[in-house]
Amino acid sequence: MGFLLDSGADTIPRWPLAGLRIYGGLVFCGASLAELMGRQAWPVPPNAALDPPAVLVLELLVGVALVLGAVSRAAALIGVALMAGRLIAAGLKPADLVSPGPNTAITILLLTVMLGRAGRVWGVDRLLAARWPRNPLW
Amino acid sequence: MSVESERIVPLFSRAPRWTLVLLRLYLGAAFLRAAANKIGENWRPWPGWMAGFIHSQLPHTVPFYRGFLTAVVVPHAGFLAPAVACAEVAVGCCLLLGLATRGAAIIGAVLTLNYLLMKGGPFILPNNDPVFILGGIAVCVGAAGRAYGLDAFLHRRFPRVPLW
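So the protein lines, in turn, are chains A and B. Just so you know, the first sequence maps onto residues 1 to 138 in our numbering. Just so you know, the second sequence maps onto residues 1001 to 1164 in our numbering.
Source of the hints: derived by calculation from the structure; they are not laboratory data. Predicted model, so just to flag it, every value in this text is computed and none were measured. You may find that some hints are simply not true.
Unchecked claim - Derived lysine-lysine pairs resembling DSSO-like cross-links, with alpha carbons at most 30 Å apart:
| hint | chain 1 | residue 1 | chain 2 | residue 2 |
| --- | --- | --- | --- | --- |
| 1 | A | K93 | B | K1038 |
| 2 | B | K1119 | A | K93 |
| 3 | B | K1119 | B | K1038 |
Claimed, not checked - Covered by chain B, per the in silico footprint, the following chain A stretches (three or more residues, Cβ under 8 Å):
| hint | segment |
| --- | --- |
| 4 | 13-21 |
| 5 | 26-40 |
| 6 | 82-89 |
| 7 | 92-102 |
By construction, the Cβ of each residue, glycine as well, lies at the ideal position given by its N, Cα and C atoms.
Just chain A, with the same shape it has in the complex (with noise of 0.2 Å):
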């Protein structure tokens, strides 16, 4: 039984998480796109006020960093905080943490990216890497 507990341990292919990491970094970027022209792109409660332009600013910026992978991690994370204010303006409930709604599954996403150094494959953070291997934030 006991290898159960340590079964996380080996080792998968990185190349699906780059997958997950574009596509994260393009609705970003075309999520803030949108409603800097004035559309709703999120999934909010009826007549809710867009974000202000500094929120967009700083959603475009998450956007391209996960789309190049230069500093994925700490872009996901902040990609993460943003998801999260968006989720509790929206009144979170315990079920929104397995809703299959967009909200939920791009902030596990964030956090996949997070988690397993999506930046590192594809994507500028493995020059990064190879300068500094040990650095957290990607």
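Take the given structure of chain A and dock chain B to it, following the hints.
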């Protein structure tokens, strides 16, 4: 900077298997949540709802997929709707338990691809379906059930079966 300090990260680097556990558990729970409104007291009306929902989505559907929906899915909704509900329950349970995870993940990804094609784009806006497809591929490629799942036992006993 001396050459000795340079480390080369391989083009196809690897990550620890436990990184996929959160994704696997979330996908399993989300499939069960999605199936919850198709079973129980909704079991009888669900085929009718599915046909109606497909009709409401047809204007947005990806063009090459529209013919398949109208010619195959809607006429056979009486069989396909319960089949979809059962598949979602099975995929959700298997992913939560980490049982035959690779098969469950790829079936889940194919199911979600159908929903994605039915609902159509723009795919760049926040959308859960691509997350489920890409996440299913990641769970399948990484055999995520081998970390803290029943597949750890199955892989030990039958290491050559690609289903886990």
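Going back to the hint list, which numbers does this structure go against? 6
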